[in-house]
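**Q** Per full-length UniProt numbering, the very first residue in the sequence shown carries number 1; after that it's consecutive.
It is possible that part of the hints are untrue.
[Unchecked claim] Simulated restraints on C-beta separations:
(1) Glu253 / Lys25: 26 to 36 Å
(2) Ile97 / Leu177: 40 to 50 Å
(3) Asp207 / Gly9: 23 to 33 Å
(4) Val265 / Val144: 11 to 21 Å
(5) Gly89 / Gln119: 49 to 59 Å
(6) Lys291 / Gln109: 43 to 53 Å
(7) Val27 / Glu296: 38 to 48 Å
(8) Pro87 / Lys291: 18 to 28 Å
(9) Ser23 / Gly89: 17 to 27 Å
(10) Pro87 / Gln119: 46 to 56 Å
[Stated by the list, open to error] Restricting the straight-line Cα-Cα distance to at most 27 Å, the calculated cross-link-like pairs of lysine-lysine (DSSO-like) are:
(11) Lys295 / Lys188
(12) Lys228 / Lys61
(13) Lys88 / Lys235
(14) Lys61 / Lys39
(15) Lys26 / Lys41
Rather than coming from a laboratory, the hints here were simulated on the basis of the structure.
Computed from a predicted model, the values in this text were never measured in an experiment.
The C-beta atom is built at its ideal place from N, Cα and C for all residues, glycine as well.
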Amino acid sequence: MKIIVGSRGSNLALTQTNMVIDSIKKVHPEIEFEVKVIKTKGDILKDIPIDKLGGKEIFIKEIEKELLDNTIHMAIHSMKDMPGELPKGLKLSFSPIREDYRDVLVLRQGLKSIDDIPQNGKIGTGSKRRKYQILKHREDLEVVGIRGNIETRISKIYTENLDGVILAAAGIHRLGLELGENMVYLDKDIVLPSPTQGILAIEIREDNHELEEILKSIAHEETGIQSKVERVFLKAVGGSCNVPVGAYCEVKEGKIRLEGLLGTVNGEKLVRRYIEGDIDQGEALGESLAKEILKEVNIIEG
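Work out the full structure: start from the sequences and follow the hints.
**A** See the structure below:
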């Protein structure tokens, strides 16, 4: 059996793809794999802000077309890049264990915390979620829009004279980057992560039952619960790159605690709330929290 896997061509995307392949091979050494690199709109148009290009779909649309055409059998994505709705005929399969869900601040030499950044310092991020939450913590900072892969964004600290950049911890861990004292973790009380940050999405055709059964061998139960609940919240708030959206689902002793965040387009108002309940209520809790937050945001905008 041969499985053709679609992936973007960045160092991180290929690292994540090979991590999944290696996990499957441990259980199914008889399967042969081929990686097909697919360029997406987001990879080609590197200098335009994501929200100006059309949102999360810019990193996956071309890959999904190949899935639907059956020229590839599965695709590996960072789940936080996945929109709430998938094209008809495609589904998300099982995911391996979640990496660190937090955001990190990578600082220039000499700085060791967010409080070390001088008054009116400059921070780089292309995410409205990160931008408006960090400004709530340090309203004096200037936030500069940046794009590019992890290595490129880190290099912009020096090429664009920034005090730091905000990135996902998961990507840095997966690439094995050693940043020492220059990297500090941002507590979720300061920056709530993007829904499903740190989780890998494995996208397949709905009718590929044989592959679904194979992928069950690498499934991580808690990660599966978190991804379902956080994606229900994302979908229910109509999450996109145009507004700040954050979510994190904690699973503990048969219970879940879901924190959610939604803001206005300009980030002037951020609404953050949480809900708790039993695991088997997870998706209902996600919808309930989304309705509560949406109602409050609409009142603010109205």
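**Q** Next step is simple, just say for each hint if it's right about the structure.
**A** Quick rundown of the hints versus the structure:
Judged by the Cβ atoms, the range 26 to 36 Å given for glutamate 253 and lysine 25 holds: they are separated by roughly 34 Å. Our hint of 40 to 50 Å for isoleucine 97 and leucine 177 is violated, since their Cβ atoms are close to 20 Å apart. Take aspartate 207 and glycine 9: their Cβ atoms lie about 28 Å apart, and the range 23 to 33 Å holds. Range check, valine 265 to valine 144: about 19 Å between beta-carbon atoms, so the 11 to 21 Å window is met.
At about 53 Å, the CB distance of glycine 89 to glutamine 119 agrees with the hint of 49 to 59 Å. At roughly 46 Å, the beta-carbon separation of lysine 291 and glutamine 109 lies within the given 43 to 53 Å, and the hint holds. Checked against the hint of 38 to 48 Å, the C-beta distance between valine 27 and glutamate 296 comes to roughly 46 Å, which is consistent with it. Look at proline 87 against lysine 291: about 26 Å separates their beta carbons, and that is inside 18 to 28 Å.
Distance hint for serine 23 and glycine 89: a CB-CB separation of about 25 Å, consistent with the stated range 17 to 27 Å. Against the hinted window of 46 to 56 Å, the Cβ-Cβ separation of proline 87 and glutamine 119 comes to about 48 Å, which satisfies the hint. Note on lysine 295 and lysine 188: the hinted pairing holds, with a Cα-Cα distance of about 23 Å set against a maximum of 27 Å. Between lysine 228 and lysine 61 the alpha-carbon distance is near 21 Å, which keeps this suggested pair within the 27 Å criterion.
A threshold of 27 Å between alpha carbons decides the hint, and for lysine 88 with lysine 235 the separation of about 16 Å falls inside it, so the pair holds. Restraint check for lysine 61 and lysine 39: satisfied, since their Cα atoms lie roughly 10 Å apart, inside the 27 Å limit. Distance restraint check for lysine 26 and lysine 41: the Cα-Cα separation of roughly 34 Å exceeds the 27 Å cut-off, and the hinted pair is therefore not satisfied.
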